[in-house]
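Peer 1: Build the full structure now, drawing on both the sequences and the hints.
Going down the list, the protein sequences come from chains A, B and C. Each number in our numbering corresponds to the 1-based position in the first sequence with 884 added. Each number in our numbering corresponds to the 1-based position in the second sequence with 884 added. Each number in our numbering corresponds to the 1-based position in the third sequence with 884 added.
These are calculated hints, taken from the structure and not from any lab test. Some clues are possibly wrong.
Any copy, or any two copies together, can satisfy a pair, since identical chains are not distinguished.
[To be verified] When the alpha-carbon atoms are kept at most 35 Å apart in a straight line, the in silico DSBU-like pairs for lysine-lysine are as follows: (1) K899 <-> K1093; (2) K1086 <-> K899; (3) K1001 <-> K1040; (4) K899 <-> K920; (5) K1001 <-> K1086.
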Amino acid sequence: MDTFLDIFNSITLLKIIDFIGTFAFAISGIRLASAKQFDWFGAYVVGAATAIGGGTLRDVMLDVPVFWMHDGIYLFCTGLALVWVIIFRRHLVHMHNTFFIFDAIGLALFTIVGIQKTLDCGMSIWVAIVMGTMTGAAGGVIRDVLINEEPLIFRKEIYAMACVLGGVVFAICDLSGMPAGVTLTLCGTTVFLTRLFAVKYKICLPTLKPEDDKK
Amino acid sequence: MDTFLDIFNSITLLKIIDFIGTFAFAISGIRLASAKQFDWFGAYVVGAATAIGGGTLRDVMLDVPVFWMHDGIYLFCTGLALVWVIIFRRHLVHMHNTFFIFDAIGLALFTIVGIQKTLDCGMSIWVAIVMGTMTGAAGGVIRDVLINEEPLIFRKEIYAMACVLGGVVFAICDLSGMPAGVTLTLCGTTVFLTRLFAVKYKICLPTLKPEDDKK
Amino acid sequence: MDTFLDIFNSITLLKIIDFIGTFAFAISGIRLASAKQFDWFGAYVVGAATAIGGGTLRDVMLDVPVFWMHDGIYLFCTGLALVWVIIFRRHLVHMHNTFFIFDAIGLALFTIVGIQKTLDCGMSIWVAIVMGTMTGAAGGVIRDVLINEEPLIFRKEIYAMACVLGGVVFAICDLSGMPAGVTLTLCGTTVFLTRLFAVKYKICLPTLKPEDDKK
Chain A
885 MDTFLDIFNS ITLLKIIDFI GTFAFAISGI RLASAKQFDW FGAYVVGAAT
935 AIGGGTLRDV MLDVPVFWMH DGIYLFCTGL ALVWVIIFRR HLVHMHNTFF
985 IFDAIGLALF TIVGIQKTLD CGMSIWVAIV MGTMTGAAGG VIRDVLINEE
1035 PLIFRKEIYA MACVLGGVVF AICDLSGMPA GVTLTLCGTT VFLTRLFAVK
1085 YKICLPTLKP EDDKK
Chain B
885 MDTFLDIFNS ITLLKIIDFI GTFAFAISGI RLASAKQFDW FGAYVVGAAT
935 AIGGGTLRDV MLDVPVFWMH DGIYLFCTGL ALVWVIIFRR HLVHMHNTFF
985 IFDAIGLALF TIVGIQKTLD CGMSIWVAIV MGTMTGAAGG VIRDVLINEE
1035 PLIFRKEIYA MACVLGGVVF AICDLSGMPA GVTLTLCGTT VFLTRLFAVK
1085 YKICLPTLKP EDDKK
Chain C
885 MDTFLDIFNS ITLLKIIDFI GTFAFAISGI RLASAKQFDW FGAYVVGAAT
935 AIGGGTLRDV MLDVPVFWMH DGIYLFCTGL ALVWVIIFRR HLVHMHNTFF
985 IFDAIGLALF TIVGIQKTLD CGMSIWVAIV MGTMTGAAGG VIRDVLINEE
1035 PLIFRKEIYA MACVLGGVVF AICDLSGMPA GVTLTLCGTT VFLTRLFAVK
1085 YKICLPTLKP EDDKK
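Peer 2: So this is what it looks like as structure tokens:
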């Protein structure tokens, strides 16, 4: 009974986190599309690309079925995010912190899912870290390519490196034989907290200076 | 005899429509590349990406063989389009309406092909609608990414939504058990006419307004 | 003994050329990212996309395992290139000719690898030429999309056409029954020399003129 409940709860919890993350990622795409005055269709596509682009790239590269084709929830969730932005447009700025937290939660979960799925394909742990990072961060890059901007995550506070860090924690836990639950929790927490601290303390990676820099 | 002739004619007709659509899509890519003063190779690549990009994305996501690798006609047709633009450059503006009609025909056919191919893979009808739309409209997005512009179809008259509408008509016909021929014809006609009316009456989707809009 | 040594040497040589090419491609991506003041992570991603993007696209389209997931050397080499740019930033301009030669060597090898891999999949020779060109030149296009610039190879001295030319030489050698070693050498030499002469004599393809050109 207990085990069943555990599994049921964890699955429900996972689904809720997955929904929250997808929603937050889609919102981020739709808001940037709205700043470019895209129409509803364009905003939906940019939102969807942000939310499911990373996972799609991962699945295509791993040559496994693309995840969102087998569960309508992802495209439905993106549609919900579009309606949300249309209705609450003027209030979005006040929800800034909430969406930031949701986005960080999504980043953590997507990283874990990407790592786990890659390992299930029999790949090395370093490929899994790359794929986990791609699952979490590539959607934002595709979003910025679609709205014709330089990718934000290549210049702002640490984002994708949080996924890499989480992936390293996953690898260490996994290699030292920790139970799966602990490994996943530590990995996700690392991604989430790294992202939180990075934004709170404006922690950026060093920038490559142009070659003709005179200083 | 009659059936054989029917099939023969329909296949020939399909091939002709396919060629016309590919040609029109390639022309649209090559013309935009020429506005950016790309060289012949660049124009060819942008033309090819416009013409076969959507179908390539579809085939890669569905994990089926990429269609243009098994029939040289598509890359040949793109080459023909390049020669056409080089020779008739100054007259292209007078062929505007013809190319618009060809483009709409291509959009309709590509949508049908995308839907049918996705259903043949055993996918749900909503995945087929997404894939049909991608087959018709993603090439134009790839084109605009390559020429470093914001995707036109995210802002101008209804384009991809014509594919979605055609897909919905397909689904309704299919679910109500209509013969395949009727389903395909109604779907294609819907895409074609929607696109025609959208441009004639400048019908656009609502635009997402920026969040700080004061009105 | 002789044969063994031959194979060993050729394999070692191939691996060295592969490393040099990957390094040069990654450097080109990282330098352009540094001009945009991307951070280290952004520069790494752009470098990796330049170095392995073409081959990844090829493998995904051919539906074969993506090459860099099975050999860590490619991502390691990109990391080395990043360190190199960080340390030798101010001296890179003096290494210009060296990197140009390395880049041309990489272009030649990547073209050969792409052609050979495509033929091994049972594809036609013209598909192999397209895929060889994609292996050599698509990484640079992905790089320019990521840094939000118009693809350089669509406007500057002959680059991708060197791969096409090499591919045609490959096809002619192959069809006339030459030994594999000769075919590969002639193909690679063609790509390398074409690229060298194109830059030395500033040979460009004709440009598509805008349609409203008055002249």
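Peer 1: At 35 Å max between alpha carbons, let me know whether K899 reaches K920 within a copy, between copies, both or neither.
Peer 2: within (32 Å within a copy, 39 Å between copies)
Peer 1: Given identical chains, is K1086 near K899, meaning Cα to Cα at most 35 Å, within a copy, between copies, both, or neither?
Peer 2: within (31 Å within a copy, 42 Å between copies)
Peer 1: Using 35 Å as the alpha carbon limit, work out where K1001 and K1086 are close: within a copy, between copies, both or neither.
Peer 2: Cα proximity of K1001 and K1086: one copy only (32 Å, versus 46 Å across).
Peer 1: Given identical chains, is K899 near K1093, meaning Cα to Cα at most 35 Å, within a copy, between copies, both, or neither?
Peer 2: between (43 Å within a copy, 32 Å between copies)
Peer 1: Is the C-alpha distance from K1001 to K1040 at most 35 Å within one copy, between copies, in both cases, or in neither?
Peer 2: within (28 Å within a copy, 39 Å between copies)
In summary, this structure violates none of the numbered hints.
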